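Asks: Given next are the chains, with one letter for each unit.
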Amino acid sequence: MSETTGARPWSPSPLALERAAFRRAQRRRSGLVALVSTALVVTAVVLVVVGAPGWERARTAFFDPENAWAALPAILEGLWLNLRVWVIAGTVGTLLGLALAVLRTSRIPALFPVRALAIGYIDLFRGVPVLLVLYLVGFALPALRLEWLPTSSAFLGALAIVLTYTAYLAEVFRAGIESVHPSQVAAARSLGLSRAQSMRTVVLPQAVRNVTAPLANNLISLQKDSGLISVLGAVDAIRAAQIATTGTYNFTPYVVAGLLFFLVSFPLTRAVDAYQRRRGWGRSLATVTGGGDIR
Amino acid sequence: MTALLSLRGVRKTYPAPAAARGRAGEEARVVLDDIDLDVDRHRCVVLIGASGSGKSTLLRVVNLLDEIDDGQILLDGQDVADPRLDANAVRARMGMVFQAYNLFPHMRVLDNVTLALRLVHRRPREEADAAAVEMLRRVGLAHKATAYPDQLSGGEQQRAAIARALVHGPELLLLDEVTSALDPELVGEVLDLLAELRGEGRTMLVATHEMGFARRVADEVCYLHDGQVHERGTPEQVLGDPQRERTRTFLSRLAS
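Chains B and V, in that order, give the protein sequences. According to our numbering, the first sequence is numbered sequentially starting from 509. According to our numbering, the second sequence is numbered sequentially starting from 468.
Hints listed in this document are in silico derivations from the structure and should not be mistaken for laboratory results. Accuracy of the hints is not assured; some may be wrong.
Computed list of chain V residues with no C-beta within reach of chain B, every gap over 12 angstroms [unchecked claim]:
(1) THR469
(2) ALA495
(3) ASP537
(4) VAL600
(5) ARG605
(6) ALA662
(7) ARG682
(8) PHE717
(9) LEU721
(10) ALA722
Ranges between beta-carbon positions, derived for each pair [unchecked claim]:
(11) V:GLU703 <-> B:GLN784: 52 to 60 angstroms
(12) B:GLN784 <-> V:GLY668: 33 to 41 angstroms
(13) V:ASP537 <-> B:PHE620: 56 to 64 angstroms
(14) V:ARG589 <-> B:GLY635: 40 to 48 angstroms
(15) B:ALA782 <-> V:SER719: 56 to 64 angstroms
For clarity, every value in this text was computed on a predicted model and none was experimentally measured. Even for Gly, the Cβ is constructed at its ideal location relative to N, Cα and C.
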């Protein structure tokens, strides 16, 4: 151990140089093939779309800049409602989903009825279409004439979305809790931690981390599904676009709304992807041997 | 004086897999069969035996991580197998080290070590940190306190796990094949640490495959076979001059 172990000086051998040259040539060839094939595909798509007999009419009906500009303020205002519904429903759904998932693992006898209800609730709402829940909540609840219940379509829409997504998110968290190895619980309990303490400090942090991707995917799809509240008459981005199209028979506002939804969710999906690529718990992130570049 | 830990007629079975239930000859598997065992204070008892002989299960039932079917587990004369007892409080009096370290990957090494002090023993953060740093220094890991477990070598992780099991001053230390998952060149540093702990007079119950280590630290060696203590005695007796055929076969297989 006493001798220095610095790397010896190295200059590439002729063999290494020859291989490097071969790899460069291969990369050039791959690049060229990719370029040509891309050009072919793009040309084909353009020819089919632009050459279509209805192209001129379709272009003015769906991609009319003037119409888009005119509809933009109303759609943006509607999108603001979508974003509020998204943030509130996402927060409430995440917290309730987490609570339900933890509740399912608890063994407190007094909580048995709550546990049974939770399981029934999750099974039911995972199996019923969101649209149906929206109609039932939106039209059946106000019929009960409960004085304390707000009857705005935005509130009822958000409520329906929370009901559905809480069930989805509870399942995500349950998968996360089950993904934590039992030996982690054994280690925590062997130190004298109670069931609840080991759940809170050892299981949940790892569980949440393990399901970041499905969790984020659910929240992104919640952002899009927030547009469904328009079926109850709430003036969100989709409803605002619909209103803008009436009378003009120009559908550009829908394209605008779609573009805006995309602009909100795209950075999120990319951020989740980037987060997923990071591995390990330490700040320096231990390197993981990947399989991506195997020849 | 009573032994710190006494097992009296301990029996433990695992149920047969659901698929095999009801079929002839596929009843519950007996893992611990009428075990009697004493560990006196400041003594080290080493359990040896083939995989599946019941060593790990024995440590787990002593740590109350598994329930026994029959018998008594007396800790300082008190039967801790009694379901009326607060198992968390009993477990907090012991320290257990696992074969696969089982460190908490989302916590820094320091937080791994302080967790029980803060949550179970209700020590304030600064006091717990100080005690943990001192314990990490003891196992030679003071410089790794702020690292995460996945940034440590296997030997370092196991030493951190030992620090975690020791920091609250347990009366009894349970070690479950703590070197089995380590690369051969890392086994030494962990065994040296354990020998040091033995020298301090800690009470230890150890399951191991390392016969050299057993010879070095054990006051008593128990050879487990099919859930029974098949032979017991000083390391010289059991390892050097085994009286029973099975013990001899087991030891000769290890030597080859």
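Asks: For the range 52 to 60 angstroms, tell me whether the beta carbons of GLU703 of chain V and GLN784 of chain B fit it or not.
Replies: Given range 52 to 60 angstroms: holds, Cβ gap about 57 angstroms.
Asks: Just to be sure I understand the hint, the distance between the Cβ atoms of ALA782 of chain B and SER719 of chain V should be within 56 to 64 angstroms; is that true here?
Replies: holds, 57 angstroms
Asks: Taking 12 angstroms as the cut and beta carbons as the points, is LEU721 of chain V off the interface with chain B?
Replies: Since the minimum Cβ distance to chain B is about 26 angstroms, LEU721 of chain V lies beyond 12 angstroms and the statement holds.
Asks: Please verify that the nearest CB of chain B lies beyond 12 angstroms from ALA495 of chain V's CB.
Replies: holds, 21 angstroms
Asks: Beyond 12 angstroms from every Cβ of chain B: is that where the Cβ of PHE717 of chain V lies?
Replies: Holds: least Cβ distance 27 angstroms, greater than 12 angstroms.
Asks: Would you assess whether THR469 of chain V, listed as outside the interface, keeps its beta-carbon beyond 12 angstroms of every beta-carbon in chain B?
Replies: holds, 23 angstroms
Asks: Is it correct that the beta-carbon of ALA722 of chain V has no partner in chain B closer than or equal to 12 angstroms?
Replies: Holds, since 31 angstroms exceeds 12 angstroms.
Asks: ALA662 of chain V: least C-beta distance to chain B exceeds 12 angstroms?
Replies: Given a closest Cβ separation of 23 angstroms, the condition holds.
Asks: Just checking, ARG682 of chain V versus chain B, shortest CB gap more than 12 angstroms?
Replies: Since the minimum Cβ distance to chain B is about 28 angstroms, ARG682 of chain V lies beyond 12 angstroms and the statement holds.
Asks: Is the nearest CB of chain B more than 12 angstroms from the CB of ARG605 of chain V?
Replies: holds, 18 angstroms
Asks: Is it true that the C-beta distance of ASP537 of chain V to PHE620 of chain B lies inside 56 to 64 angstroms, as the hint says?
Replies: violated, 30 angstroms
Asks: Does the Cβ distance between ARG589 of chain V and GLY635 of chain B fall inside 40 to 48 angstroms?
Replies: holds, 46 angstroms
The structure fails to meet hints 12, 13 from the earlier list, while all remaining hints are met.
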